[in-house]
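Engineer: Got chain A sorted already, so can you dock chain B onto it with the hints?
One line per chain: the protein sequences are A and B, in this order. Read in order, the letters of the first sequence are residues 127 to 348 in my numbering. Read in order, the letters of the second sequence are residues 127 to 348 in my numbering.
Source of the hints: derived by calculation from the structure; they are not laboratory data. Please note that a few of the clues may not be correct.
Note: identical chains are not told apart, hence a pair may lie in one copy or across any two.
[What the hints assert, rightly or not] With a Cα cut of at most 16 Å, we get these calculated EDC-like pairs of lysine to aspartate or glutamate:
#1 212 x 251
#2 210 x 251
#3 347 x 324
#4 165 x 241
#5 208 x 218
#6 212 x 325
#7 347 x 334
#8 347 x 198
#9 239 x 198
#10 239 x 334
#11 208 x 262
#12 165 x 155
#13 347 x 186
#14 212 x 327
#15 217 x 327
Spelled out from the first residue to the last, the chains are:
Number of protein chains: 2
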Amino acid sequence: MRRIPVDRKVFDAVRNFYAAGLNYRAHIDWANSRGASHKVPAAPDIGYRSAAALIPTGGEIVIPADSPGPVEYEGELVAVIKEKTKNISEKDALSCVLGYTLGNDISERTWQKTDRTLWRAKSADTFKPMGPFIVDGIDPMNLQIDVRINGRTVSSYNTRNMIFSVAQYLARMSRYVTLHPGDIVWFGCDGATLPALEEGDLVEVSNDAIGVLANRVLRAKA
Amino acid sequence: MRRIPVDRKVFDAVRNFYAAGLNYRAHIDWANSRGASHKVPAAPDIGYRSAAALIPTGGEIVIPADSPGPVEYEGELVAVIKEKTKNISEKDALSCVLGYTLGNDISERTWQKTDRTLWRAKSADTFKPMGPFIVDGIDPMNLQIDVRINGRTVSSYNTRNMIFSVAQYLARMSRYVTLHPGDIVWFGCDGATLPALEEGDLVEVSNDAIGVLANRVLRAKA
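The following block holds chain A by itself, in its conformation from the complex (with noise of 0.2 Å):
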């Protein structure tokens, strides 16, 4: 087994950050619960993160100054790119990756229901936290995914619950698009991502095999 870390160099690299979004159902209703109207998706359409939000672990996710919140996290499972790949098949399409890493998709709820995109709700500036390591040789369809608030296990779930695989979403993906090497590919969480997160908390996204992505919380000034 390989162990990358993931530093500044690995998030220059990333020409195009794909993100599922919604890709296990007890999230989607966990979701709807609360006033959203999210379908299952019919189809693995992939969505888009921007590269300028990522932080390694340790770095500070900083609140902007003006939002109205909630802010929470959404520990998540990353696909990193190997190789220039178009065409793959499904049975083949794990063979173009890297490795495998975490990412914490943090969103602020507000804006994610009143803007006409994500682009502030889920890419503001120091909101992709991702790492600590890419690692092979794991099976990416049975990894536990652990979320801790300083300390406290707050979400606790399993891959092998996505709507549609990794191999699913990389093989319809470079039907369309060529997929390069360095590019990042998030799978969304599972279930419900509270407590919203506070100044000051730590937040840890863990897996036994990739490590403890760690972050903690700040808000800018006025």
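Structural biologist: Frame of chain A, contents of chain B only:
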């Protein structure tokens, strides 16, 4: 006036590919007249496209074999960011722009309607022609943009009709996201985008100062 050719080096420097999407009233009215239900945006909320889809002038637009169509052009103004910028005022916003060029926001209208996101409708490989030059010293809010198919003018509008100006977009974006050198921002198109593109068509997006972005249309074999 400086003229920088839009080539592979310019594409490789694109860290974030932002797109306004809906930014002209006549385009929104026209899209709604054919079945869309777009609201006039209440704020300059930016969207995303994929840098993997960029091609230069002279490159070929390849319609995927399974595209139901129609596939249409959208001739747009593009701003290229010069330097790292955060929290810039509307008054000063244009000072962070290296220069302006043209983009053709090729759009697969069936996928735009049916998919959960715009990923393959707007960012399939080759769907983002950009160029031919990045030009400075011009007023982005008074540019005539014409689109021609096989020499016939099919679209003609002035950028002064933007709903939110270039400066309004950049100032608001920079409050939440750091703009980086090489980032590109596309500002939408006005009016209708017909007729649809057919195999063999030559589509040109043109402005007197910037030049002509010319691309031939192909269709991939099944």
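Engineer: Now, for every hint given, state plainly whether the structure supports it.
Structural biologist: Going through the hints against the structure:
Taking CA atoms no more than 16 Å apart as the test, residue 212 paired with residue 251 passes between copies only; the shortest distance there is 10 Å, against 31 Å inside one copy. Only between protomers do residue 210 and residue 251 lie at most 16 Å apart by alpha-carbon distance; the minimum there is 13 Å, versus 28 Å within a single protomer. Within a single copy, residue 347 and residue 324 get their C-alpha atoms as close as 14 Å, which meets the 16 Å cut-off; across copies the closest is 54 Å, which misses it. For the identical chains of this complex, residue 165 and residue 241 are inter-copy neighbours only, at 12 Å across copies versus 19 Å inside a copy, given an alpha-carbon limit of 16 Å.
Taking the shortest Cα distances, residue 208 and residue 218 sit within 16 Å of each other inside one copy (13 Å), while across copies they are farther apart (41 Å). In this assembly of identical chains, the alpha carbons of residue 212 and residue 325 never lie at most 16 Å apart, being 43 Å within a copy and 22 Å across copies at closest. Taking the shortest alpha-carbon separations for residue 347 and residue 334, neither the intra-copy value of 36 Å nor the inter-copy value of 45 Å comes in at or below 16 Å. In this assembly of identical chains, residue 347 and residue 198 lie within 16 Å of each other by CA distance neither inside one copy nor across copies; the values are 19 Å within and 45 Å between.
Proximity of residue 239 and residue 198 under a CA criterion of 16 Å is satisfied intra-copy only: 13 Å inside one chain copy versus 30 Å between copies. In the homo-oligomer, the alpha carbons of residue 239 and residue 334 never lie at most 16 Å apart, since the shortest distance is 34 Å inside one protomer and 41 Å across protomers. Within a single copy, residue 208 and residue 262 get their C-alpha atoms as close as 11 Å, which meets the 16 Å cut-off; across copies the closest is 37 Å, which misses it. Within a single copy, residue 165 and residue 155 get their C-alpha atoms as close as 9 Å, which meets the 16 Å cut-off; across copies the closest is 27 Å, which misses it.
Taking the closest pair of Cα atoms, residue 347 and residue 186 come within 16 Å of each other only inside a single copy of the chain (14 Å); across copies the shortest separation is 49 Å, beyond that limit. In this assembly of identical chains, the alpha carbons of residue 212 and residue 327 never lie at most 16 Å apart, being 42 Å within a copy and 25 Å across copies at closest. For the homomeric pair residue 217 and residue 327, neither the shortest alpha-carbon distance inside one copy (41 Å) nor that between copies (37 Å) is at most 16 Å.
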